[in-house]
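Got chain A; can you put chain B on it based on the hints?
Quick note, the sequences are listed as chains A and B, same order.
Residues in the first sequence are numbered from 79 upward in steps of one, following the numbering used here.
Residues in the second sequence are numbered from -5 upward in steps of one, following the numbering used here.
Since the hints were derived computationally from the structure, they do not count as laboratory data.
A portion of the hints provided could be inaccurate.
[Unchecked claim] Below are the EDC-like pairs computed for lysine to aspartate or glutamate, each with C-alpha atoms no more than 16 Å apart in a straight line: (1) 75(B) / 196(A); (2) 62(B) / 550(A); (3) 53(B) / 393(A); (4) 102(A) / 162(A); (5) 395(A) / 17(B); (6) 62(B) / 398(A); (7) 53(B) / 38(B); (8) 664(A) / 644(A); (9) 62(B) / 188(A); (10) 459(A) / 162(A); (11) 343(A) / 27(B); (12) 114(B) / 104(B); (13) 176(A) / 188(A); (14) 114(B) / 550(A); (15) 395(A) / 38(B); (16) 53(B) / 398(A).
[What the hints assert, rightly or not] Some residues of chain A that are not near chain B, with every Cβ distance over 10 Å (derived): (17) 86; (18) 97; (19) 100; (20) 182; (21) 184; (22) 214; (23) 273; (24) 283; (25) 347; (26) 351; (27) 360; (28) 364; (29) 370; (30) 435; (31) 496; (32) 581.
[What the hints assert, rightly or not] If we take Cβ atoms under 10 Å as the criterion, some of the chain A residues that face chain B in the derived model are: (33) 93; (34) 95; (35) 298; (36) 377; (37) 380; (38) 393; (39) 642.
Where a beta carbon is used, it is the ideal one built from N, C-alpha and C, also for glycine.
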Amino acid sequence: MRTEGIARFEALKEEAQARVAARKREILVCCGTGCRARGALELADRFADEVTKRGLEASVGLYTKRVGCHGCCEQGPLVIVSPDDVLYAKVRKAHVSKILDAVVAGEVVEKLLYKDPDSGERIAHVADIPFYKYQTKYVLRNVGKIDPTDIHDALAHGAYQGVVKALFEMTPEEVIEEVRISGLRGRGGAGFATARKWAACRKAEGSPKYVLCNGDEGDPGAFEDASLMEGDPHAVLEGMIIGAYAVGSSEGYIYVRDEYPVAVKHLQRAIDQARELGLLGEDILGSGVSFDIRISRGGGAFVCGESSALMRSIEGKVGEPRAKYVHATDRGLWDRPTVLNNVETWATIGKLIVEGGATFASMGTEKSKGTKAFTLVGKVKNTGLIELPMGTTLRHIVFDIGGGMPKGRSFKAVQTGGPSGGCVPADLLDAPVDYEVLTEAGSMMGSGGMIVMDDRTCMVNVARYFLNFLIEESCGKCVPCREGLKQMQLMYDDILEGRADPDILDRIEALSAGMKVGSLCDLGRSAPNPVLSTLRHFRAEYEAHIQEHRCPAGVCRELTAFEILDNCDGCHLCVPACPTSAISGKPKTLHTLDQDLCISCGACFDVCPTGAIRHFPKRELKERNAHAETDH
Amino acid sequence: MAEQSPCTDMAPVDDILSSYPREEASLIQVLQDVQRVYNYLPCEALTRVSEVLGVPLAKVFSVSTFYKAFSIEPQGKVTVKVCMGTACHIRGAPQLVDELSRTLGIAPGETTPDLEFTLKTVNCVGACAMAPVMIVGETYHGNAMPAKVSSYLGKKGVTDEN
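Chain B on its own, in the form it takes in the complex:
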């Protein structure tokens, strides 16, 4: 879950670091594990990783912002992913994204202010037979229809304004 306090508990970071060789080649693997624990990369964690692996913080930051798997902002409790593969595109993924943006009041890549949902567009997830596909948390919704977006999100999805 997203930890927001500046004094983030660093114990998991140290655990992760101890299981990889202390070299630059471990950087991406370590950051992936950190991301998995906190659901984003807290600033303090990046500093710790930089110190332990002996990689300059600027480089750690550069890698953290280059790869899509990483986020340096806290993420919502539930990630809503819309597949933007070609098959999904031609079967209506853009309409799904538009509808989700309208419903949640955020653009793709953003998180709702209450930290409930993060909306993401992802490249092909390989479930092309069910295109267009959107994934709420771990649940897939195949042949998804814009008109049913709110029901895919569950009750929490519909905010008061909508």
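Only chain A is shown next, with the shape it has when bound in the complex:
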């Protein structure tokens, strides 16, 4: 059975390799979310048409491929030409012809190459671009390389080898042991040891057992799970098959967020293709092991990322969490033993089994092993998807990879962990990023979203943003979360509108403490985190709002006014940017701002290249007006 199964897989792999053997060179068009929004699908069509029209497949072995996220979303749509891995940025349909001419001639199109934002230098190869060169791709190994809708391409790039090794060369206990050696912890946020979860489920009595994948990536600013499901769905399936074998399950579900239709499409296609080749379903590769996967589309509720709520939702019910005195590994989906892991965790497993846990454990810090995928977004030059060993410093991430702040602004904080996390301030920039360090800083790892904030971000406003988010998303089952958040929001409104009592921060802290203790699920218990972490690291900003009625970042509209200074050179950029036409002036003359029309949105401030617009507390404007009246 063993040799037969392995032989069957080798035959599949050889066939797959034969299919892609003709591909000497490939045009890899990024069709990740960011590039898609910028028209990458049409671009890919244009490349395909043009390649066919010129007969380049037959003549020079040049093929086009739609692939998952290349990572450097800021520069999209991105195109990589393999095998030399030349990266073209901001590619438009009009550039297709030129790029193909160059590829055929063995040249590069200089003016379409990635341009370093600091030096202005053009860089041709992916490996030389700062954004890429510091990264270690482990879980994202095939994202951006394979055609996610073609299982043969995935097989040719090493997919499903972990399944073969686990099913034919290892016992379930050995699989769990390998995962234990790797030190892998759940990538969904809390960081629970994966092997311990699996071992508990394996031991649990009751059948059937279920294996679930949490693809309900709800943290705003995080899209690494989406990129994985869209760009390498086979890695997710591979991990789940191995996990199912380890815990003794024959049925699995992938719960995908409603907002990710492409992920659903690619996963379903991957499932169908894997079934067809005998890699999924009854008697996988003749091993006697059976396991099948169904997709469950979420209904668009953040709380369903919480494990017990997710299981209720798969059951077709309202996604309300339940108290966790019973572990899901004992009684989860339909009250049966269940293992739930996040997308990134599952996608790690295949490679981990093939290479062994020790290789994974050789990366990272003492307690946080391996690599982690992050999305780097917000006020940073190189927005995108990255993967790094655990323990990398925030400074390295934000400045070396992210390229620092745009428009010469100064760094204020990085927000991690979504609405359950917090803001890490500048004095912790040299801290290594791992589960423990982030928790100590009052934040958490979460699923890996990193939102960079600069001096134009008001931290009180950010905390209120998360409160608004959580009020919308609270399921409403328990009082501390449902009512606590509402009261908290009212207090924040008072602060942001300049009518808060001096003792308001004490009351906010007291309420936060109550919510942490009294809420039913982790969502409610962690809901005060954005509040507490901003209070801890940015208390002075709160005090400026409360005591001086001043928003230091110039964001809070009720407290902020704008005016144009004498050094305005009349560049006129602010005029079309103003939504209320409050600014007037002829080009190259001093412009004026009509305070009666101004809504304090700050659009003019953000576009002004000469710093000729300033923000100041609105109360000063009122004082000025009062003066003017008494003068009369």
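Structure of chain B alone, referenced to chain A:
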């Protein structure tokens, strides 16, 4: 498209129901498909789903109002979504929402009386590099500016009053 007549054509609902097992676990998947056909969940459809799946109507209603993917009110022809992800927030999404509300004369979650536009705020769409992002129908507008909201909406966006 939004069907408003009380005698909504139920054939698509029956088609959808026939492709899923008749159990509670199918409820959310069925409602998603129904929502896709009608662009909202007509009352008659909910009743039919309740009968066929054997799930009490109260439960069907509870699920329909719990999840954001569902609407029990008819929706506009064009849905305008503003991403409220953190990256979009700090790059000016609230100003976009304010401007859209002013232009369309409706609050987020509402539909214009002529059933042309529904304005929605959505959680992160993952296009953070282009923040702030708004999506009109299927078209993305990245680095969107409040002053250009009307042009993103197309000519229909500007009503007479504005």
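Legend entry - Proposed proximity, residue 162(A) with residue 102(A) (alpha carbon, max 16 Å): The given pair, whose Cα atoms are some 11 Å apart, holds under the 16 Å limit.
Legend entry - Proposed proximity, residue 162(A) with residue 459(A) (alpha carbon, max 16 Å): The given pair, whose Cα atoms are some 26 Å apart, is violated under the 16 Å limit.
Inset, instruction - Verify the proposed pairing of residue 62(B) with residue 188(A), using a straight-line Cα cut of 16 Å. - result: At roughly 47 Å apart (the allowed maximum being 16 Å), residue 188(A) and residue 62(B) break the hint.
Legend entry - Closest CB of chain B to the CB of residue 435(A) still more than 10 Å away: At about 31 Å from chain B, residue 435(A) clears the 10 Å cut-off, so the statement holds.
Legend entry - 16 Å limit on alpha-carbon distance, applied to hinted pair residue 395(A) and residue 38(B): violated (20 Å)
Inset, instruction - Would you mind confirming whether the straight-line C-alpha gap from residue 62(B) to residue 550(A) stays at or under 16 Å? - result: holds (10 Å)
Legend entry - chain B versus residue 283(A) - minimum CB to CB distance exceeding 10 Å, so not interface: holds (23 Å)
Legend entry - Cut-off 10 Å, beta-carbon criterion: hint that residue 642(A) touches chain B: Hint on residue 642(A): violated, closest Cβ of chain B at ~17 Å, above 10 Å.
Inset, instruction - With a cut-off of 16 Å on the C-alpha distance, tell me whether residue 53(B) and residue 398(A) pass. - result: holds (13 Å)
Legend entry - Closest CB of chain B to the CB of residue 184(A) still more than 10 Å away: It holds; residue 184(A) is separated from chain B by about 31 Å at its closest Cβ, greater than 10 Å.
Legend entry - When the least beta-carbon distance from residue 95(A) to chain B is tested against 10 Å, hint result: It is violated, given that the least Cβ distance between residue 95(A) and chain B is near 33 Å, above 10 Å.
Legend entry - Consistency of the no-contact label for residue 273(A), given chain B and a CB cut of 10 Å: Residue 273(A) is indeed farther than 10 Å from all Cβ atoms of chain B, at 30 Å.
Checked against the numbered hints given earlier, the structure breaks hints 1, 9, 10, 15, 31, 33, 34, 39 and satisfies all the rest.
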